[in-house]
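Engineer: Below are the chains, spelled out letter by letter.
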Amino acid sequence: MEPTNTLFMAKAVIILVVFAITLGVAAYSTYFERKIAAFMQDRVGPDRAGPFGILQPLADAVKMFMKEDFIPSHANKWLFIMGPCLSMLTALMTSAVIPFGDTVTVAGVTFDLQGIDVNIGILWVFGIVSLGVYGILIGGWASNNKYALLGGIRAASQNISYELAMGLSIIAILMFSGSLSTKTIVEAQQNGHWNIFYQPLGFIIFIVCAFAECNRTPFDLPECETELIGGYHTEYSSMKLGFYLFAEYINMFISGAVMATLFFGGYDYPGYEFVANKLGETPAAFIGAGALIGKALFFVFVFMWVRWTLPRFRYDQLMNLGWTGLIPLSIYNVLVTGIGILSGQPIIAGIAGFVLLILGLIIYDQLTVKKKIA
Amino acid sequence: MSQHIPSISNFSLSDPNKYSVENLRSEEMIISLGPQHPSTHGVLRLEVVSDGEVVVDVVPHLGFLHRCFEKHAESLPFNQIIPYVDRLDYLASMNCEHAYVMGVEKMLNLEGKLPKRIEYIRVLVAELNRIASHFVAIGTYGMDIGAYTPFLWLMRDREHIQRLLEWLSGARMLYNYIWVGGLFYDLPEGFEQKVAELVPLIKTTIKEVKTLVEENAIFIKRTANIGVLDRDLAISYGCTGPVLRGSGLAFDLRKVDAYSVYPELEFIVPTGKGLVGTVGDCWDRNHVRVLECEESLGIIEQCIDKLLGEHKRTPEFKPQEMVPKKIRPAAMDMYVRAENPKGELGFFIRTDGRSDIPQRLKVRACSFHHLSVLPTLSRGAYLADLVAIVGSLDLVMGEVDR
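From first to last, the protein sequence lines stand for chains U and C. For the first sequence, the numbering used here gives the first residue as 26, with consecutive numbering after it. For the second sequence, the numbering used here gives the first residue as 8, with consecutive numbering after it.
No wet-lab data here; the hints were simulated from the structure. Everything hinted at is true.
With a straight-line Cα cutoff of 30 Å, these simulated DSBU-like cross-link-like pairs (lysine-lysine) come out:
| id | chain 1 | residue 1 | chain 2 | residue 2 |
| --- | --- | --- | --- | --- |
| 1 | C | 332 | C | 113 |
| 2 | C | 319 | C | 123 |
| 3 | C | 120 | C | 333 |
| 4 | C | 210 | C | 123 |
| 5 | U | 171 | C | 228 |
| 6 | U | 171 | C | 25 |
I would like the entire structure built from these sequences, with the hints used as guidance.
Structural biologist: In structure tokens form, the structure reads like this:
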């Protein structure tokens, strides 16, 4: 076979595997979400399908497919179908640029454990994520339902506002690595030089924005059950609803993977060099892929943990937090990082900036919050 | 001139709106919230006129749970009305029974003549039920704000109370335990000890809920300074219970009327103090409920002490001994009121002195009065605030519609 052909085959296999992993993780996220919720709420959770309810996602999928696929008579039929498809499509496309591992050699073929290594890597993620909001917006609008419309509007304004802060928080990372390519960003963090040590503030901004982008509590206003019943997916049933819910879990996993890539060294793990020397580059890279997925799953757990702990913001409070809280903070972060890079001490600047901010917040809190609960 | 008879095609029963598209401004829309909406706490339908996310007006539509209680009562003997009374505020049936039975006993001049043990048992079960009712209120309120976990924690501990009351009466929610002139049965053997075991458990739960819900920054943001009901407005709308006390007036019928054995028990009346916002906001109303649970626990402990000590179980004690065979009060108009978890529950009863059934029985339901404040409180608020306000008023539609 021609070398380009084998490379093509290898890439096709990677894409298939990443696709399968993403879908599998998303399916089992629903199960773990319910189990974690049950654990936190002193319940048992799903335990009927298979041992410990391990087949629950399959049962759910069967249920979703068997349900009546209802399209309201007053809905715009094509857009109504397009909404969930677009959500699912964009959710799945994001994983293409995430570097799951370093270079491996399998059966004489050498390739990277990454779908595509493009030089605009992180911009690809942002571009696709911002397309994702169209799925929700179109679904909400096409339903021709007031609740769905309100949900769609909320989704649109929320995602657009939080993308700004998210993008600004990334800029500091880009200032370090000097490249948009996800692969380069990860390579710059090898041997424990994870960005989280340089960018604690950037990470906090990013994770808050990720919550908003994934429409998860405390920012789950587009599907806010208590006011809008189901929000944008009020009128959806069957697998169309399943697509929306599934897309949410895929987004969670992908944003976990992006966070791991940008801030937690991607596929890097303690003792990477040691393993590479003992076992060879290829096993070390595969363990690295496992490490990345493990980090992503940890963030998925954080998403769930927060969801079952915190109440939900109000619409205007959410916008306030985005525009008057996170965006100035991320600009501050860019400034601090710039000073750090100029002075040649990025880690000191990062930590000093973080400590200053915390002090400022404490002083602000002491000055403004006069009343305390007895 | 022929009489105008509206034909069935001229109005549709499902759409009795006050507002129509013609009398709205172009940026406003009508949202029908309920009766199947998840956060209207039952079958309340709110016709909301909203300008985007801002509520312009709210019109409550009632009657989805109307069961003709008052008309039913006019054809039933007094003791047979008790099961129907259970179904008024179905989350606090014991309290409803207690109020009604006190009224009938007042008409029969049995007031204060019952054995003290009966009175203490009544107060004990009523306070247990008060905690159960408040737990539902606090839990669902957390859920309205978006916190799902505290709801299930509170439902879990409410379950213990319901098990106890099931042991007592055989029913989980609609007990029919308090009878005119007595009780269904004495407490089961070991009931007092089980209640004493439950008290520390509930105390822990209340502490947990305080940290998880009440002191949560997002919860405070969502409820402080929202739906501020000032004291004069609360009084003029006839609000009672935690809604009125949340507005800062320590008005508790257990103190004001001092009925049953409440004067012998020690407890304080918590009021809203505006700890995180303005006096009378949603947070205050919720906080009053949490504090009342603690007070109720204190009352329960005192009752247990009395029931195990001064008025303990004796073989001679027969809870049905004083139950009258025939209840035929003299002709009179009587109004009785008692402090329910949600506010003042009152019964007006008119008898003619010749029959065993009331001529008229009118219920003064606290939830109905609280619902009437809702439009005033929620005009100009956000849609999410509307949900927060409805939840803080703690409406039970069984009592509103009767």
